[in-house]
Amino acid sequence: MAHEVKPGIWEGMKLMDARPKGDAMGFFTDSTLCIGCKACEVACKQWNGLPADGMDWTGRSYDNTSTLSATTWRHVTFTEIARPQAENAQSPTAAGYGADNAQAVSWLFNSDVCKHCTSAPCQIVCPTGALIRNEFDDVYVQQDVCNGCGYCVAACPFGVLGRSEVDHKAHKCTLCYDRQLDGIEPACAKACPTDAITFGPVEELREMARNRVVKVREKQPNAYLYGESDAGEYKRLNAFFLLTEEPAAYNLPEAPTMPTAGMKRKYLWSAVVGVGLSLVSAAVLGQKAK
Amino acid sequence: MDQLTHKKQDRKHNPFGAAHLNARDAYRDVPVLKQPTWNNEVAAYFFFGGISAGAAVVGALAGLTGGAKHKRLSRVAEYVSFVTLLPCPPLLIDDLGLPGRFHHMLRVFKPQSPMNVGSWALTTHGAAATLKVLKTLTSEGQALSKLPVVPGVLRYFPARLVAAVNIPGAMLLGGYTGVLLGTTSVPVWHESQLLGGLFMSSAFGTGLAATSLAAELTGDVGDEEAGQLAALGAIAGITEGALLVGYVATSGESRKHLFKGISGKLMAGAAACLLTATAIEAASALAGKHNKGASSLASVAALAGGALLRWAVVKAGHASTADREGTLAAMRPRDGSPGWRGA
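Going line by line, the protein sequences match chains A and B. When the letters of the first sequence are read in order and numbered with my numbering, they come out as residues 1 to 290. When the letters of the second sequence are read in order and numbered with my numbering, they come out as residues 1 to 343.
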């Protein structure tokens with residue numbers, strides 16, 4: 001095989017032949033189809049051999065996972081909203097509630113995952129090159145290279161990456177790189193009973209999502225696509241979402257920070273201060289004796 | 001997991017169990033960002049790395065501009081730079097999840113990653129500072145001049161070449177730490193453009209202070225030199241003060257974390273130390289008198305101020321990360337970042 005590392009010191013140090021790049025692959029997660037069954041969470045843990053996170057009841061909702069982490073690469077958010085009665089009259093979610101309900105509760109679910117950003121801060125700042133963009137245009141942590149510096153953890157504006165307490169390396173969704181290499185869809189998408197998670201070439205998914213959001217808006221006028229398009233300095237996401245409430249309801253930032261934005265200016269300030277103080281020092285220290 | 005547990009009183013106000021009137025409250029106790037893994041060790045590394053870098057620059061400049069006049073001062077600065085360099089690699093490496101893989105950062109050169117740039121800066125500065133000290137120690141009449149082989153090998157590294165490598169490496173080491181923190185999503189670290197400049201000036205100030213203190217203790221500083229160092233200390237202190245004010249002013253709403261809790265105390269201490277040091281240095285520079293005690297006190301205050309500043313900024317980053325609403329506010333749609341949201 002062309003991409004195999006050859007044995008021997010010098011041969012091994014040569015760059016591997018990159019696998020040919022194919023279509024960018026990603027996820028489209030439609031929160032309006034999600035029923036909160038957590039099959040994706042379980043399938044992900046099972047396929048990737050991830051340990052359980054313990055029995056910590058949050059008391060917040062049926063969501064006892066709370067966040068994505070080094071050991072949770074799919075996470076179903078539960079957002080329960082108590083809506084005023086008047087608003088409920090038009091809400092399809094509350095249609096089943098009787099008139100005696102002063103307020104009714106609507107439940108929003110969303111299956112959160114690594115966004116596989118096309119301008120991924122974690123990949124940009126990784127000092128070892130462990131974080132790469134693979135041939136499926138997905139962001140992948142090479143476990144044999146990662147040295148656990150924690151930079152990606154602080155850089156990710158979505159709080160996706162975590163550093164494991166067990167092996168001290170950074171972990172996150174691989175978009176089932178191993179399954180993709182074998183030509184099968186990721187475990188979460190495979191397990192999703194309502195097809196809320198769709199896996200495929202990102203271009204096709206975007207097309208599909210744009211059609212879907214028009215349809216959903218007939219009943220839920222607030223529906224929108226999160227991450228389908230470029231948003232200024234933060235570029236589009238390869239794993240994007242259809243949502244109906246503001247991003248904060250799903251614990252997502254509305255306009256994520258691009259950590260590397262302004263980096264050159266930050267270096268410049270540092271250089272200006274350093275060179276300036278050096279010149280002053282040279283002038284002062286070089287003074288002739290009075 | 002304490003932060004994830006709902007407060008009991010919420011239940012009283014909300015008869016709908018876990019439901020919220022405002023959808024954004026559903027995850028109000030879950031931070032959007034993950035806590036940085038960088039803590040005390042990194043703050044200590046920033047501090048010692050800063051001194052080492054600052055002292056290297058001061059020493060090199062003294063050697064270049066003063067020639068024989070500043071020879072002793074320049075030599076003291078070299079030793080200070082080398083000694084304060086020693087704790088840096090252990091502190092940095094121990095902070096890695098896998099310390100044995102430190103060298104993975106040196107298998108690539110990746111300018112877009114400040115940490116990669118920093119590991120190269122530490123390596124070049126470390127090598128140059130070590131070579132300088134070795135050259136000094138093995139020169140005529142010094143402790144190690146009788147050593148076999150080594151002096152011969154060191155002759156292949158001319159002093160000017162070592163200095164040429166050392167100055168840019170040291171400058172980068174002094175300032176990159178601020179850029180490193182600035183290149184994250186943590187609001188109080190990211191928002192301002194000035195953190196790199198602030199850490200650079202602090203590196204310079206603490207390097208100068210450590211050199212001055214060591215020179216006072218060993219008696220390697222003349223009266224005229226002491227006056228020059230005091231003037232430089234005052235200038236570095238004023239620069240640092242101005243940059244600190246600028247950093248706070250340009251940090252947006254997240255600046256509140258610099259004044260709250262442990263960071264607030266550390267920052268108050270840093271400001272007090274910086275003011276004390278600068279006032280003493282300025283007074284002795286203006287008076288033109290060399291007072292060993294006053295000079296040493298100013299140096300100690302400047303060093304303490306530099307340490308407290310690094311800790312305050314690192315701790316503020318943790319508080320800023322834990323502040324969910326603050327993070328969401330920093331990630332509101334803004335110029336150049338319209339974001340994604342509903343109608």
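Hint data in this document are derived by calculation from the structure and do not stem from the laboratory. Possibly wrong hints are sitting among the right ones.
[Stated by the list, open to error] Below 27 Å or equal to it, Euclidean Cα-Cα: the simulated DSS-like pairs (lysine-lysine) are:
#	chain 1	residue 1	chain 2	residue 2
1	B	135	B	69
2	A	264	B	69
3	A	215	A	190
4	A	21	B	135
5	A	235	B	110
6	B	71	B	110
7	B	256	A	264
8	A	235	A	215
9	B	135	B	146
10	A	264	A	219
11	B	256	B	69
12	B	69	B	289
[Said to hold, decoys possible] Every beta carbon over 12 Å from chain A, so not counted as near; a handful from chain B, in silico:
#	residue
13	63
14	83
15	92
16	104
17	111
18	141
19	154
20	218
21	220
22	231
23	239
24	255
25	279
26	286
Virtual Cβ for every residue (Gly too), placed ideally from N, Cα, C.
Structure-based check of each hint:
no.: 1; hint: B:135 with B:69; in the structure: holds (20 Å)
no.: 2; hint: A:264 with B:69; in the structure: violated (38 Å)
no.: 3; hint: A:215 with A:190; in the structure: holds (24 Å)
no.: 4; hint: A:21 with B:135; in the structure: violated (52 Å)
no.: 5; hint: A:235 with B:110; in the structure: holds (21 Å)
no.: 6; hint: B:71 with B:110; in the structure: violated (38 Å)
no.: 7; hint: B:256 with A:264; in the structure: holds (26 Å)
no.: 8; hint: A:235 with A:215; in the structure: holds (25 Å)
no.: 9; hint: B:135 with B:146; in the structure: holds (13 Å)
no.: 10; hint: A:264 with A:219; in the structure: violated (46 Å)
no.: 11; hint: B:256 with B:69; in the structure: violated (48 Å)
no.: 12; hint: B:69 with B:289; in the structure: holds (19 Å)
no.: 13; hint: 63; in the structure: violated (9 Å)
no.: 14; hint: 83; in the structure: holds (21 Å)
no.: 15; hint: 92; in the structure: violated (9 Å)
no.: 16; hint: 104; in the structure: violated (4 Å)
no.: 17; hint: 111; in the structure: violated (10 Å)
no.: 18; hint: 141; in the structure: holds (25 Å)
no.: 19; hint: 154; in the structure: holds (26 Å)
no.: 20; hint: 218; in the structure: holds (18 Å)
no.: 21; hint: 220; in the structure: holds (14 Å)
no.: 22; hint: 231; in the structure: violated (6 Å)
no.: 23; hint: 239; in the structure: violated (6 Å)
no.: 24; hint: 255; in the structure: holds (16 Å)
no.: 25; hint: 279; in the structure: holds (19 Å)
no.: 26; hint: 286; in the structure: holds (14 Å)
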